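Chemist: Chains X and F, in that order, give the protein sequences. Counting in my numbering, the first sequence runs from 1 upward without gaps. Counting in my numbering, the second sequence runs from 1001 upward without gaps.
These aren't lab readings, by the way, just hints derived from the structure by calculation. None of these values were measured; they are calculated from a predicted model. Positions of the beta carbon are idealized from the N, C-alpha and C atoms, including for glycine. Treat the hints with care, since some could be wrong.
Ranges between beta-carbon positions, derived for each pair [claimed, not checked]:
1. F:Asp1218 <-> X:Ala88: 39 to 47 Å
2. F:Ala1214 <-> X:Asp135: 48 to 56 Å
3. X:Ser26 <-> F:Ile1260: 58 to 66 Å
4. X:Glu44 <-> F:Gln1090: 17 to 25 Å
5. X:Ala45 <-> F:Leu1281: 47 to 55 Å
6. F:Lys1160 <-> X:Thr92: 36 to 44 Å
7. X:Thr92 <-> F:Asn1117: 48 to 56 Å
8. X:Arg155 <-> F:Glu1056: 25 to 33 Å
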Amino acid sequence: MTDIKKVSTPLTDEVVKGLKAGDQVSITGVIYTARDAAHKLLTEAIASGEELPVDFTNQVIYYAGPTPAKPGKVIGSCGPTTSGRMDAYSPTMMEQGLKGMIGKGPRSKEVIDSMIKNNVVYFAAIGGAAALIADSVKSAEVVAFDDLGPEAIRRLEVVDYPCIVAIDSEGNNLYELGVHQYRVTE
Amino acid sequence: MKEITVDVISAAVKELCIDAACNLPEDVEKLLREAVHKEESKFGKYSLEKIVKNVELARAEHAPMCQDTGMVVVFVEVGQEVHITGGTLQDAINEGVRQGYIDGYLRKSVVGDPVLNRKNTGDNTPAVIYTELVPGDELKIQVLPKGAGSENMGSLKMLKPAEGLEGVKKFIIQAVTEAGGNPCPPVIVGVGVGGTMDKSTLLAKKALSREAGAPHPDPAYRALEEELLEEINKLGIGPQGFGGKVTALAVHIETYPTHIATMPVAVCLNCHAARHKEVIL
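Build out the structure end to end from the sequences listed, making use of the hints.
Modeler: Structure follows, in structure tokens:
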């Protein structure tokens, strides 16, 4: 494989601009889990002008809901969920200053447009490789919406979390480039 | 009459749930290992290598291979000579799911109401249970914990008979194309053709309970499965949707007689974590 780019969180605009679709990266720092139910609550809070439980400025959201930690472990299996379900909420989160998203699968045009406008990067992790990914999580703490169980917002400290830049801040899209290259047409 | 107590059923379901989450069946793993060699794309190969490594790690550490440990679909075949004692079959299965998901540290992914109040039930119950009465004195329980990432990409179409075989093929290819990278490819494609609207979707799900890659017993359907697999793997979607030659690991078709005026086709996709485990009591 090619060189792995080391990325630390929170992200800066310079770092985001330097990441290109197809780059292999490893992320170290704090990331926040949030998925369907948490996004619904967050965007409702934004709409009604309430303060959010987490300041997402320059932060990275990880679309994930882990399995419970076994005794002696910091977290259970913790892979990415399908990002497309968060498409309806993501532009609102980017307007709040969110700089990165980690998930799996393609994004909508609206999300990509907002990524270009707000200088945001979308990383893809390997869906279903959840036991492997859990190894890079060094601490996990619920910071909001505890009653949502697996859907609560968790603050994760990760070291060398492995992923790929799937869509960069210029809108270059690995899902389109890669599929186009391998499609066989007669 | 053979008596089976509900406790025995619950204990069996509990073990099946935990085993399914942590221990990928050998049939699926074999197809994944073959896929690593077939795949040519850089990120496709990278993904498959990670997926296989994850399967090994999950088994060694007895950890769930995917955090989405699914909603549990259970196919039960009850022999007519079997007498279940101590309670109902449905309660026994749900008790097994409850114990498996709590004691096995699996994720609870079920909400009690689908629309008005999506509150988590806290123990991954209820399961989706299909019961069939069969001859004999055995009770066969098969569990398929189904993740929603792939389940969301399923689809159904009531085709006109005039659309014929070409219409069936076109719809299946279209379903996989539209799913793209969402259902965690490489996928197993379950297809149900015939019956009624509901029957075709059940057949598509049941197709996923077949040993992965095992061909249809009818040579004509076997050929159709092979043809569709080849066509799907020309789509270029590849592992995780990053582009590549392996979009599907297998196509399984199940059929049923149907009405003269219809031809229902359902497609149910399974991610590469194609979990299925069974026991005969």
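Chemist: Check each numbered hint from earlier against the structure, then list the numbers of those it violates in ascending order.
Modeler: Going through the list in order, the structure violates hints 2, 4 and 7 and respects the others.
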